[in-house]
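Enquirer: Whenever a hint applies, use it, and build me the whole structure from the sequences.
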Amino acid sequence: MKQLITFALFLLIGGTQLVLGQLTNVVTNLSTPYRMAIHGNNLYFSELTGNKISMIDLSTSAPIAITLISGLNKPKDLLVIGNELYFTTANKISKIDLNTSTPEAVDIVTGVNGPDGLTPFGNNLYFSTGNKISKIDMNISNPTVTDIVTGFSLPSDLVLNGNILYVAEESGDKISKIDLNNNPPLVTEFVTDIGTPTGLFLNGNNLYVANFWSSNILKISLDISSPFAIEFLTSVSGPTSMLLFENDLYITEAWGGTISKINFSTLSNPEINKTEAIGLYPNPASNIIHISGLTNKTEYTIHSVLGTQINSGSVSNKEGLDIHQLQKGLYLLNKF
22 MKQLITFALF LLIGGTQLVL GQLTNVVTNL STPYRMAIHG NNLYFSELTG NKISMIDLST
82 SAPIAITLIS GLNKPKDLLV IGNELYFTTA NKISKIDLNT STPEAVDIVT GVNGPDGLTP
142 FGNNLYFSTG NKISKIDMNI SNPTVTDIVT GFSLPSDLVL NGNILYVAEE SGDKISKIDL
202 NNNPPLVTEF VTDIGTPTGL FLNGNNLYVA NFWSSNILKI SLDISSPFAI EFLTSVSGPT
262 SMLLFENDLY ITEAWGGTIS KINFSTLSNP EINKTEAIGL YPNPASNIIH ISGLTNKTEY
322 TIHSVLGTQI NSGSVSNKEG LDIHQLQKGL YLLNKF
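Going by this note's numbering, the first residue of the sequence shown is number 22, and it counts up by one from there.
Some clues are possibly wrong.
Below, a list of computed lysine to aspartate or glutamate pairs in the EDC-like style, where the Cα atoms sit at most 20 Å apart [stated by the list, open to error]:
#1 349 to 214
#2 73 to 105
#3 113 to 78
#4 195 to 244
The set of hints was computed from the structure by calculation and includes no laboratory data.
Quick caveat, the model's predicted, so the values are computed rather than measured.
Expert: Right under this line is the structure:
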């Protein structure tokens, strides 16, 4: 199998590279922060290797992490419903009452294989587990797990848009979707060749993907018939989840042990983010890459990380560039 080649895309406008903004650290020195949930001004987050759930007060200028509950077995996803915080651990789903000063975990269902993404739909709580998506009825005191769909490749996070459930397949290199109104539910591939999707975040008609091993955030428009992923944020140290609070996008950076943020309104402003629609896919790639969002034929160059020009030419929107002759490594693709 040919080894993959990774590209960094630089967009030059009038000879000047447009810089959109940088991440700001909110809290550091965490033990693999994984997922987040918001309740009032409090941001709750799981610390996967710290075996605990912690919190910070976002109304303070310098938030300090406080342990909410410890002694857990690899906590992952979090979900706030009312005043209760639902969370997954290695083999169960539990909840705590956020109104109590010393919360204690109450198990909802046990004996589950590595549950992760939590999403409510009606009276049901959907979650990923093993290679499948399952659900429980939240109105029942001792619910029974019902499997909805099987055959996924390490499903991690879930996000719901109407009756469509999006599934990040961390080992499957893709996002799939399930129409929950169908019986049986209908599963289709949504976007493929996107790396290791670990966390999902829905804002308006855009789906954002935390791409763990590629250390970036991808963006997918839900408005087009043939959706594809474009790079939204780079240099994110092992992102696993995203959460919007007021005008800031909060991101868990698992490798860096950090929760960071960036002004989301600035990133989403079309007057500032003039290159937002330009994308490169698939990335990494082995044979062909495509540049999306071009309005006309555009000149490009490919350089090594040492600055040596490897190739040049012109390309149209979504036209394939042959890169099969390149050796494994990181290259810079300049579009101007």
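Enquirer: Are the hints correct? Go through all of them and say.
Expert: Hint check:
With a CA separation close to 17 Å, the supplied pair residue 349 and residue 214 stays within the 20 Å bound. Restraint check: the Cα-Cα separation between residue 73 and residue 105 comes to about 16 Å, which is no more than 20 Å; the hinted pair holds. Simply put, residue 113 and residue 78 have alpha-carbon atoms about 28 Å apart, too far for the 20 Å limit, and the pair is violated. Restraint check for residue 195 and residue 244: satisfied, since their Cα atoms lie roughly 18 Å apart, inside the 20 Å limit.
Going through the hint list in order, the structure does not satisfy hint 3, though it satisfies all others.
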